[in-house]
Amino acid sequence: MRAPTLRTLETLPARTRAIVGAPAISSPVIARLLELGLTPGTPVEVVRRAPFGDPIEILLRGTRLCLRRADAAAFGVVEVDEGGALS
Amino acid sequence: MSAPVALLVGNPNSGKTSLFNGLTGLSAKVGNYPGITVEHREGRCDLGGGHRLTLLDLPGTYSLAPRSDDEAVAVRGVLGLLPDAPPADLILCVVDATALERNLYLVAQLRELPLPLVVCVTMTDTIEKDGRAFDAALLEKRLGVPVVATPAVRGGVVALRERLRALLADAKPRRHALNPPALPGLDDATVDGAGRAVAAALERAGRSWKGHERALGLLAASMCASGGIDKLGLPPDVAERAGVADAWRVVRAVTEARYQRVAGWAVDVIGAAAGEPRSARFTRRLDAIALHAVLGPVILVGVFLVLFQALFSWSTPMMDGIDLVMGWLGAHASALMPESLPLLRSLVVNGVVAGVGNVVVFVPQIAVLFLFLTILEDSGYLARAAFILDRLMAGIGLHGRAFVPLLSGFACAVPAIMATRTIESTKDRIVTILVTPFISCSARLPVYALMIATVFSTQPPIFGVIAPGALVMVGMYGLSVAAALVGAAVLKRTVLKSPTPPLLLELPPYRMPHAGQVLRAVLARVRIFLTEAGTIILAITVVLWALFTFPRDQDIAQTAEAARRAVEVTTAPGDARDAELASVDARAARLQVEQSIAGRLGHALEPALQPLGFDWKLGVGIIASFAAREVLVSTLGLVYGLGDASDENSPSLREAMRADRHQDGRPVYTPLTGLSLLVFFVFAMQCMSTLAAVKRETGGWRWPAFQLGAMSALAYLASLLVFQVGKLLGFS
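Protein sequences appear in the order of chains Z and B.
Numbering that gives the first Met the number 0 puts the first residue of the first sequence at 0, with every later residue one more than the last.
Numbering that gives the first Met the number 0 puts the first residue of the second sequence at 0, with every later residue one more than the last.
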């Protein structure tokens with residue numbers, strides 16, 4: 000079994016499932032992301048990056064949410080499953 | 000006794016507006032909140048058994064900590080802080096069953112306040128189609144407030160009506176709040192202190208929420224973190240005292256605690272699915288194509304090409320039809336009026352009927368644009384378009400949703416400006432409204448075509464192949480796009496300084512748009528345009544008519560009448576006589592225009608226009624083209640004595656303009672003058688209808704006045720630069 004690696008939501012490739020951690024910085028956007036359900040311990044799945052590279056789409060509590068990579072970088076993640084989410 | 004008032008709150012895309020439409024039927028009225036661009040929807044609902052309800056549809060929000068002005072209106076409505084709004088007897092919170100946890104977060108916030116809450120769960124039909132059950136009774140037991148399933152089909156609204164009637168008939172709805180979650184390790188005293196400040200402010204607004212300081216303090220902390228506390232219209236000292244020192248930690252803790260509470264509520268409310276639900280699978284598969292790295296942008300371009308084509312081509316036959324009908328009406332009205340009252344006849348035909356025509360002619364484009372926009376929005380595709388375009392639009396500091404208005408601006412700024420409604424941030428919406436008229440609309444085409452035909456078509460091709468006219472045309476479109484983009488970037492850094500709007504975009508599940516809802520949305524836009532912008536357009540048309548009609552010169556009319564009689568005596572009936580009569584009328588019309596107020600204004604403006612290379616005739620044309628840019632062409636026809644039926648393809652107008660000379664014998668229309676005039680028309684706000692639309696969308700005359708001043712100044716300076724630099728470089 001692999002040890003969980005510490006990364007941020009921004010760097011996750013598409014089709015990766017992970018558990019988000021607490022945001023590292025505070026901003027109105029981050030506050031709203033928390034309120035949209037991106038709270039510590041929540042499982043998310045990075046679905047894809049937009050065709051021009053930014054923003055990213057994540058699957059969160061059954062809803063599809065887009066956020067810019069700059070905002071996603073504030074959230075640390077613990078990876079659960081890479082590449083197998085859609086299998 | 001006035002009917003009880005219910006507020007409708009809920010997440011965006013939760014089916015709130017459909018529910019509102021279902022409850023209020025045709026009684027809904029759409030307006031604006033005074034001074035802001037946020038829309039106000041109100042309607043009546045007959046619950047049966049003599050019970051009625053006034054329903055107010057608040058803007059969608061994910062949280063009671065507002066980020067945008069729209070959300071702030073929703074929060075102020077809930078807190079009873081909206082001016083002129085009656086206190087709510089019921090608060091209907093709409094919850095989308097397919098995104099249950101996130102929607103219940105708003106319910107969790109509302110439950111911490113003493114509000115008469117009823118939860119309406121939409122999309123339960125989607126859940127059932129997936130083979131799952133929605134247990135409304137279980138959720139009601141857990142929430143402690145009435146929960147009604149209101150699927151879009153099969154009488155969801157009927158069930159809600161019955162429940163509301165029972166609630167109102169029984170007794171006052173309960174207003175008991177849940178205790179806010181406890182937050183161990185945080186300073187409750189600061190939170191309570193902030194809560195007391197908010198409670199005091201609410202007390203002043205007539206709402207006593209004593210004993211709920213903790214909940215209000217937590218709300219204040221969230222608002223500090225979201226930056227929304229300044230948007231509530233609270234007195235500045237309250238906003239300051241409501242500041243929570245450790246707001247950020249409070250917000251993190253309380254958000255987490257609320258989601259724990261929500262998770263407890265949601266357990267087993269929706270039956271477990273065997274594998275991926277059908278509805279989710281459909282959206283996932285469609286997105287794999289629509290958001291594909293290569294196919295996604297291609298499909299996007301295709302969708303917008305169709306929209307654009309529709310706006311340009313499909314509305315043209317309707318607009319031509321309206322022109323025909325208005326012409327027929329004008330002729331009939333003219334025939335009905337006694338000939339002894341030429342002035343009244345002229346007012347009716349050239350003022351009122353023409354004014355109504357000026358208004359109605361926009362309806363096809365508005366209808367077509369909103370038809371497409373509503374379908375794109377309701378189906379869920381518009382959010383996807385914003386997702387794809389965000390990278391590009393963020394580059395100029397605008398939201399992805401500003402793309403549709405800017406693109407529509409190529410057809411017409413009026414529907415385009417009405418389409419800015421989908422942009423969430425007020426500042427970004429106003430920036431988009433301000434720059435959209437720079438985009439070269441279809442009304443500029445006749446002006447471009449006339450000038451190019453007059454001065455550039457005789458020039459030799461560049462490098463032997465490129466027609467100079469084509470180059471100029473491309474140049475004008477390029478200039479207009481550059482003006483809009485640079486204008487947006489400048490405004491975002493100065494007058495409407497704000498950071499690039501953050502992106503927090505939900506991709507809702509794909510849904511089939513409901514034909515009735517789409518039709519309603521289109522009709523609502525058309526009605527708003529006709530009643531609010533239309534009256535202004537009609538009024539300005541009459542004013543312009545007066546400028547071109549007064550003062551009346553009896554001599555001109557008498558001379559023309561004598562000339563007509565002479566022609567009738569000397570020339571036999573037939574084509575030759577008709578031509579001579581038309582020429583007599585055209586001469587009279589030219590003389591009348593020249594000595595009208597507008598003609599005199601044109602002469603008075605000549606010293607100011609000369610540095611741009613324009614003479615008084617163009618001055619008159621510019622005044623007239625305030626009605627609509629293409630009117631420049633027919634007005635030039637008028638002042639060149641060719642009657643008012645000239646269009647940009649009339650050889651006679653082109654020849655007359657080419658033959659026109661200044662007093663010193665220089666030609667009036669040179670390539671340089673032509674270029675100067677074209678540049679003027681790229682920048683100038685020569686369109687009363689656009690101003691009327693801006694007034695309606697921004698809720699006042701401040702922004703249209705700013706726009707008119709800034710664009711006119713820019714147009715003048717740009718033309719001045721072109722003409723003077725051109726002269727220095729040796730062009731004439």
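Hints may be right or wrong, so weigh each one.
[Said to hold, decoys possible] These stretches of chain Z come out as covered by chain B in the derived footprint (C-beta under 8 Å, 3 or more residues): (1) 8-14; (2) 27-34; (3) 50-58.
[To be verified] Among chain B residues calculated to face chain Z with C-beta under 10 Å, some are: (4) E38; (5) L105; (6) V250; (7) V261; (8) A393; (9) Y476; (10) V480; (11) S651; (12) E654.
Just so you know, these hints were derived from the structure itself, not from any lab.
Note that the structure is a prediction, hence the values are computed from the model and not measured.
Using N, Cα and C, we set each Cβ at its ideal position, and we do this for glycine too.
Against the structure, the hints:
1. Figure legend: the stretch 8-14 of chain Z, annotated as covered by chain B; annotation inconsistent (0 residues with Cβ-Cβ distances under 8 Å, at least 3 required).
2. Using a Cβ-Cβ cut-off of 8 Å, 7 residues of the stretch 27-34 of chain Z lie near chain B, which meets the minimum of three, so the contact claim holds.
3. A stretch counts as covered by a chain when three or more of its residues have a beta carbon under 8 Å from one of that chain; for the stretch 50-58 of chain Z and chain B the count is 6, and the coverage holds.
4. Interface hint status for E38 (chain B): violated, as the beta-carbon distance to the closest one in chain Z is roughly 22 Å, over 10 Å.
5. Annotation: L105 (chain B) was flagged as interfacial toward chain Z, and the flag holds, the nearest CB pair being 9 Å apart, inside 10 Å.
6. The closest approach between the C-beta of V250 (chain B) and any C-beta of chain Z is roughly 6 Å, which is under the 10 Å cut-off, so the hint is satisfied.
7. Annotation: V261 (chain B) was flagged as interfacial toward chain Z, and the flag holds, the nearest CB pair being 9 Å apart, inside 10 Å.
8. Checking A393 (chain B) against chain Z: minimum C-beta separation of about 8 Å stays under 10 Å; hint holds.
9. Taking 10 Å as the C-beta contact cut-off toward chain Z, the hint placing Y476 (chain B) at the interface is violated, the least distance being around 24 Å.
10. Proximity of V480 (chain B) to chain Z is violated relative to the hint, the smallest CB-CB distance being about 19 Å (cut-off 10 Å).
11. A distance limit of 10 Å between C-beta atoms decides the matter here; for S651 (chain B) the minimum to chain Z is near 52 Å, and the interface restraint is violated.
12. Residue-level restraint check for E654 (chain B) is violated (minimum Cβ-Cβ distance to chain Z is 51 Å; threshold 10 Å).
In summary, the numbered hints that this structure violates are 1, 4, 9, 10, 11 and 12.
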